[in-house]
Amino acid sequence: MEQPIGVRAGGLTFLVKRWIFPLKRSLGTWAFVLNRWSGVLLAVYLYVHLGVLTATIAFNQNAYDQFLVIARSPIGIVFDAGLLILILYHALNGFRIGYAALSGKIEQHRGQFWAVVVLAAALTAYSMFLILTLK
Amino acid sequence: MPQLETKKYAQRSLFSWIGQAVSGVLLVVVLLLHMLFQHFQVGLLTASEVVAHIARPAIFVLEIVFLITVTYHALLGIKMVIFDLKLSEAARQRVSVGLTILGVVTVGWGIILAFLISSQLPG
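Which chain is which? The protein sequence lines are R and B, in order. 8 is the number of the first residue of the first sequence in the numbering used here; add one for each residue after it. 5 is the number of the first residue of the second sequence in the numbering used here; add one for each residue after it.
Hints may contain errors.
[What the hints assert, rightly or not] Straight-line distance between alpha carbons at most 25 Å, and here's what the computed SDA-like set of lysine to any residue pairs gives:
no., chain 1, residue 1, chain 2, residue 2
1, B, K83, R, R43
2, B, K83, R, A107
3, B, K11, B, G23
4, R, K112, B, W21
5, B, K90, B, S17
6, B, K90, R, V40
7, B, K83, R, G35
8, B, K11, B, K83
9, B, K90, R, V51
10, B, K90, B, L79
11, R, K112, B, V29
12, R, K112, B, V32
13, B, K83, R, L93
14, B, K83, R, W37
15, B, K83, R, W44
16, B, K83, R, H56
17, B, K11, B, L103
18, B, K83, B, Q97
19, B, K83, B, V33
Treat the hints as calculated values from the structure; they're not laboratory data.
Here chain R stands alone, though its shape is the one from the complex (with noise of 0.2 Å):
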């Protein structure tokens, strides 16, 4: 029977083919390790953020609107498609957890992995679909 990621005591090498090699693995494993990626990913992120917002807005406006251009491009949108993405999996499936956890409805965890999925990719396409309209 498979343990969950992070239980089994392993070493780094154990758990680095679990994160980066989790194939035919459950998905309560797929669920978990992409929790940590997009949670990962995401405080990757917030450094970026402060570093172009310092490196632009904090000492040079003209950078910052140059950015700008930058971020409306093709380029920049794939990014935001990208970044909701990351959020809003990260997000309900933080939800998914406290609710089974809570609720104790851990054996329904399938079914609830799979609405985050759907949710978090309407609410993606929904906000896309509002990025690519706004004038």
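Using the hints provided, position chain B relative to the given structure of chain R.
Then chain B, alone, in the frame of chain R:
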């Protein structure tokens, strides 16, 4: 005293879990407010619009609360990821101290940044 050690780790893990849950809920609230006031109304603000926006006291306070919450949530999450590597007690303490210092520096950086931006308001 392996049982005491296990209990200690379990208690720390529970406190971390509760900290993540509480800060996560607060983060969703302040993130929604941040998005509502900063992005949903007119899209991406220009530099002068950002300066005028951050200079408003209520928005300034909201952004600082957002900064503190997101930093706490992010670094506690990073700590939980690192602790999954089954570190020794000494290494755990070094990681905790390092991440606490990083958190203080990050919040300090963000507050200085907010002051720098808001101070550019003309007049």
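Outcome of the hint check:
1. Under the criterion of a C-alpha separation no larger than 25 Å, the hint pairing B:K83 with R:R43 is consistent with the structure, at around 11 Å.
2. Between B:K83 and R:A107 the alpha-carbon distance is near 23 Å, which keeps this suggested pair within the 25 Å criterion.
3. Under the criterion of a C-alpha separation no larger than 25 Å, the hint pairing B:K11 with B:G23 is consistent with the structure, at around 18 Å.
4. For the hint pairing R:K112 with B:W21, the CA-to-CA distance comes to about 18 Å; that is within 25 Å, so the pair holds.
5. A threshold of 25 Å between alpha carbons decides the hint, and for B:K90 with B:S17 the separation of about 13 Å falls inside it, so the pair holds.
6. Proximity of B:K90 to R:V40 is assessed by CA-CA distance (about 17 Å); at most 25 Å being required, the pair is judged to hold.
7. As the CA atoms of B:K83 and R:G35 are separated by approximately 21 Å, the hinted pair is consistent with the 25 Å bound.
8. For the hint linking B:K11 to B:K83, the alpha-carbon distance of about 19 Å falls within 25 Å, and the restraint holds.
9. As the CA atoms of B:K90 and R:V51 are separated by approximately 23 Å, the hinted pair is consistent with the 25 Å bound.
10. Proposed proximity of B:K90 and B:L79 is supported: the alpha carbons are some 18 Å apart, at most 25 Å.
11. Between the alpha carbons of R:K112 and B:V29 the distance comes to roughly 20 Å, so the proposed pair stays at or under 25 Å and holds.
12. This hinted pair checks out: R:K112 and B:V32 have alpha carbons roughly 23 Å apart, not beyond 25 Å.
13. At most 25 Å may separate the alpha-carbon atoms for a hinted pair to count; B:K83 and R:L93 meet this at roughly 19 Å.
14. A C-alpha spacing of about 20 Å is found between B:K83 and R:W37, which places the hinted pair at or below 25 Å, so the restraint holds.
15. Restraint check for B:K83 and R:W44: the C-alpha separation of about 14 Å stays at or below 25 Å, so the hint holds.
16. A C-alpha spacing of about 21 Å is found between B:K83 and R:H56, which places the hinted pair at or below 25 Å, so the restraint holds.
17. With a CA separation close to 23 Å, the supplied pair B:K11 and B:L103 stays within the 25 Å bound.
18. Restraint check for B:K83 and B:Q97: the C-alpha separation of about 11 Å stays at or below 25 Å, so the hint holds.
19. Taking the CA atoms of B:K83 and B:V33, the gap is about 23 Å. The hint holds against a cut of 25 Å.
Hint violations for this structure: none, all hints satisfied.
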